[in-house]
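A.B. asks: Each chain, written out:
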Amino acid sequence: MTATADRTAPRRPSAARLGLHRATVELKTFFRERDAVVFTFAMPAVILTLLGSIFDGVYPGSDVTSAQYLAPSMIAAGVASATFINLGTGIATDRDDGTLRRLRGAPMPPSAYFIGKILMALVVTVGETVLLLGVAVVGFDLSLPTDPTRWLTFGWVFLLGATACALVGIAASSLARSARSAGAVMNLPYLVLAFISGVFYTPVGQLPEPLVTAGSLFPLKWMAQGFRSVFLPDSILPQEVVPSWEHGRIALVLAAWCIGGMALCLTTFRWQGRRGR
Amino acid sequence: MTDTPAVRVRGLRKTYGDTVAVAGVDLDVAAGEVVALLGPNGAGKTSTIEILEGHRDRDAGEVSVLGRDPARAGLDWRARIGIVTQDGADLTELTVREAVGHFAHYYPNARDPREVVELVGLTGKATARIRTLSGGQRRRLDVAIGVVGRPRLLFLDEPTTGFDPQARRQFWALIRQLAGDEGCTILLSTHYLEEAEALADRVAVIVGGQIVADGTPATLGGRATARTVVRWADGRQETDDPAALVATLTRRYGGAVPGLTVSRPSLEDVYLDLIGAAS
Ligand SMILES: Nc1ncnc2c1ncn2[C@@H]1O[C@H](COP(=O)(O)OP(=O)(O)OP(=O)(O)O)[C@@H](O)[C@H]1O
Ligand SMILES: [Mg+2]
Numbered sequence: 001m002t003a004t005a006d007r008t009a010p011r012r013p014s015a016a017r018l019g020l021h022r023a024t025v026e027l028k029t030f031f032r033e034r035d036a037v038v039f040t041f042a043m044p045a046v047i048l049t050l051l052g053s054i055f056d057g058v059y060p061g062s063d064v065t066s067a068q069y070l071a072p073s074m075i076a077a078g079v080a081s082a083t084f085i086n087l088g089t090g091i092a093t094d095r096d097d098g099t100l101r102r103l104r105g106a107p108m109p110p111s112a113y114f115i116g117k118i119l120m121a122l123v124v125t126v127g128e129t130v131l132l133l134g135v136a137v138v139g140f141d142l143s144l145p146t147d148p149t150r151w152l153t154f155g156w157v158f159l160l161g162a163t164a165c166a167l168v169g170i171a172a173s174s175l176a177r178s179a180r181s182a183g184a185v186m187n188l189p190y191l192v193l194a195f196i197s198g199v200f201y202t203p204v205g206q207l208p209e210p211l212v213t214a215g216s217l218f219p220l221k222w223m224a225q226g227f228r229s230v231f232l233p234d235s236i237l238p239q240e241v242v243p244s245w246e247h248g249r250i251a252l253v254l255a256a257w258c259i260g261g262m263a264l265c266l267t268t269f270r271w272q273g274r275r276g277r
Numbered sequence: 001m002t003d004t005p006a007v008r009v010r011g012l013r014k015t016y017g018d019t020v021a022v023a024g025v026d027l028d029v030a031a032g033e034v035v036a037l038l039g040p041n042g043a044g045k046t047s048t049i050e051i052l053e054g055h056r057d058r059d060a061g062e063v064s065v066l067g068r069d070p071a072r073a074g075l076d077w078r079a080r081i082g083i084v085t086q087d088g089a090d091l092t093e094l095t096v097r098e099a100v101g102h103f104a105h106y107y108p109n110a111r112d113p114r115e116v117v118e119l120v121g122l123t124g125k126a127t128a129r130i131r132t133l134s135g136g137q138r139r140r141l142d143v144a145i146g147v148v149g150r151p152r153l154l155f156l157d158e159p160t161t162g163f164d165p166q167a168r169r170q171f172w173a174l175i176r177q178l179a180g181d182e183g184c185t186i187l188l189s190t191h192y193l194e195e196a197e198a199l200a201d202r203v204a205v206i207v208g209g210q211i212v213a214d215g216t217p218a219t220l221g222g223r224a225t226a227r228t229v230v231r232w233a234d235g236r237q238e239t240d241d242p243a244a245l246v247a248t249l250t251r252r253y254g255g256a257v258p259g260l261t262v263s264r265p266s267l268e269d270v271y272l273d274l275i276g277a278a279s
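Chains as they are written, first to last, in our numbering: chain L, 1 to 277; chain V, 1 to 279.
The set of hints was computed from the structure by calculation and includes no laboratory data. Note that the Cβ used here is the ideal one computed from N, Cα and C, for glycine as well. Don't take every hint at face value.
Now the stretches of chain V that chain L is said to cover, found in silico as 3 or more residues with beta-carbon under 8 Å [what the hints assert, rightly or not]:
#	stretch
1	67 to 80
2	91 to 101
Every beta carbon over 12 Å from chain V, so not counted as near; a handful from chain L, in silico [what the hints assert, rightly or not]:
#	residue
3	Gly61
4	Asp147
5	Leu188
6	Phe218
Residues of chain V placed beyond 10 Å of chain L at every Cβ, according to the derived structure [to be verified]:
#	residue
7	Glu53
8	Gly54
9	Thr85
10	Gly88
11	His105
12	Gly121
13	Arg129
14	Ser134
15	Gly135
16	Leu174
17	Leu178
18	Thr219
19	Arg252
20	Tyr253
21	Leu267
22	Asp269
Given only the sequences and the hints, what does the whole structure look like? Please build it.
C.D. replies: This is how it looks when you write it as structure tokens:
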């Protein structure tokens, strides 16, 4: 204590500190909520295990199995699930059950809520990715790259892809009219996108052209392609839509979705639920 | 009171589409006062309170709460008010202690969460998931979160709905403690007249979005000056001089009067008259 110490009434805690408290509460809530853990967290791993076991064979001209081809794409789908679906349904539920109203009634800076959500989504996404990598390595002999430039690629694809999906999820939460409809509202576009992005349907080069074109408008296709470039050898390139990993284009599309997603969030986010203003 | 009022409302209006929920409410709550808002379902209690809390926009009228317009007030203002809403369904996966502890973090001068849990009588449920609480216990949790930040002004929307009689008494004691020792100003809505009578310095009756009566529980609707009703086995009479009437009756029966009661109208009689007359 110095002579100049502030002796007035204690101050409100900072947004950053409150954001950390929010993250703790969010994580506890997420992992205690069985629905969220099953549908958001376990589902991608189950799908990878099932689809990976059903398909077999090796792509001509390479030693990549169908399951190994599927794995990086499923990681992209897992990232989308842990961000887009997790945040979209989570925020719609918060809006419906009175969480947002209660928080707005407390002296909480709005940014603390988003810091909490984003930290929670980050932890869930990293956990999801590790889980899927584990399944792929143990179950389907996917080998992890040793070249650091590949991990660098993984890093930026992960960051851009997760950020884009998180922002779009936050914006999409406003589309759901209630907590109960949120699951459907979020999962339908997710499943359609996973299909037309060549996640469930492999290899992506075999998809009908109109579907590829539609899928190419959204971030999931590019994130999946980016992860394939990290974990698969270049000998698999003939199975892609174009025989190149197109890193520049991946970065461009994902960054564009980050900016667009942020703009959508800022213009559409509402704190009010069904009872309205 | 020399203080500026904690709440000052003039000509407040709120409509939802064609429904006029609040139709010109005037209301003052002095600092340190406990005011109960009484009124039938759909009278506009929640709408009024939510506007004062800053949770709802108004269509017209002047509103000042702790000297600020709630529609534009900031976080320092929020730190000085406490809110207990009518229908919270959140926080289900946390325990009681976690939830109260979490909300304590938001306030600069919060109470000890353990004390607050004790204060609302939930110590036995402190480590239970909120999802597993009974309806009345859930409401007590809402009250705990509402008071954890040491509010100067507390809004309670039907706080004791679903409480058992003992819990209600316990809650009344808590409110008296907040109002008495700590000088907290309280605006609560309720459907229980005994609650209004037990707690409130003043009662405002709202019907159809308008205040139809405003006074102390003892004088509301002319209750203090209303004529006394004397009932006995085969008669009933209103009078200004009950003693004289009872004396006359005693003489007539030559002793004890069978079935004799002497009563002023109860708060409930007055209230039912008021809402009957207004609708
Ligand atoms: N979001 C809304 N949209 C449309 N109408 C509404 C909305 N909220 C309230 N109302 C209507 O406004 C009127 C007043 O409602 P309010 O909730 O304020 O009543 P209340 O006095 O709190 O009733 P209760 O005792 O049942 O809680 C009612 O007719 C109600 O139907
Ligand atoms: Mg109400």
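A.B. asks: Hint by hint, note whether the structure agrees.
C.D. replies: Hint check results:
1. 67 to 80: holds (count 4)
2. 91 to 101: With 5 residues closer than 8 Å to chain L, the stretch 91 to 101 of chain V meets the three-residue bar; holds.
3. Gly61: Holds: least Cβ distance 51 Å, greater than 12 Å.
4. Asp147: 42 Å, holds
5. Leu188: 26 Å, holds
6. Phe218: Holds, since 32 Å exceeds 12 Å.
7. Glu53: Incorrect as stated: the minimum Cβ-Cβ distance to chain L is 6 Å, not above 10 Å.
8. Gly54: Violated: least Cβ distance 8 Å, not greater than 10 Å.
9. Thr85: 7 Å, violated
10. Gly88: 5 Å, violated
11. His105: Since the minimum Cβ distance to chain L is about 5 Å, His105/V lies within 10 Å and the statement is violated.
12. Gly121: 21 Å, holds
13. Arg129: Violated, because the least Cβ-Cβ distance between Arg129/V and chain L comes to about 8 Å, which does not exceed 10 Å.
14. Ser134: For Ser134/V, whose nearest Cβ neighbour in chain L is about 18 Å away, the distance exceeds 10 Å, so it holds.
15. Gly135: 15 Å, holds
16. Leu174: 19 Å, holds
17. Leu178: 17 Å, holds
18. Thr219: Consistent with the label, Thr219/V stays out of reach of chain L, its closest Cβ about 34 Å off (over 10 Å).
19. Arg252: 61 Å, holds
20. Tyr253: Nearest chain L Cβ is 60 Å from Tyr253/V, so the label holds.
21. Leu267: 31 Å, holds
22. Asp269: Label holds. Min Cβ-Cβ 34 Å, cutoff 10 Å.
Violation of the numbered hints given earlier is confined to hints 7, 8, 9, 10, 11, 13; the remaining hints are satisfied by the structure.
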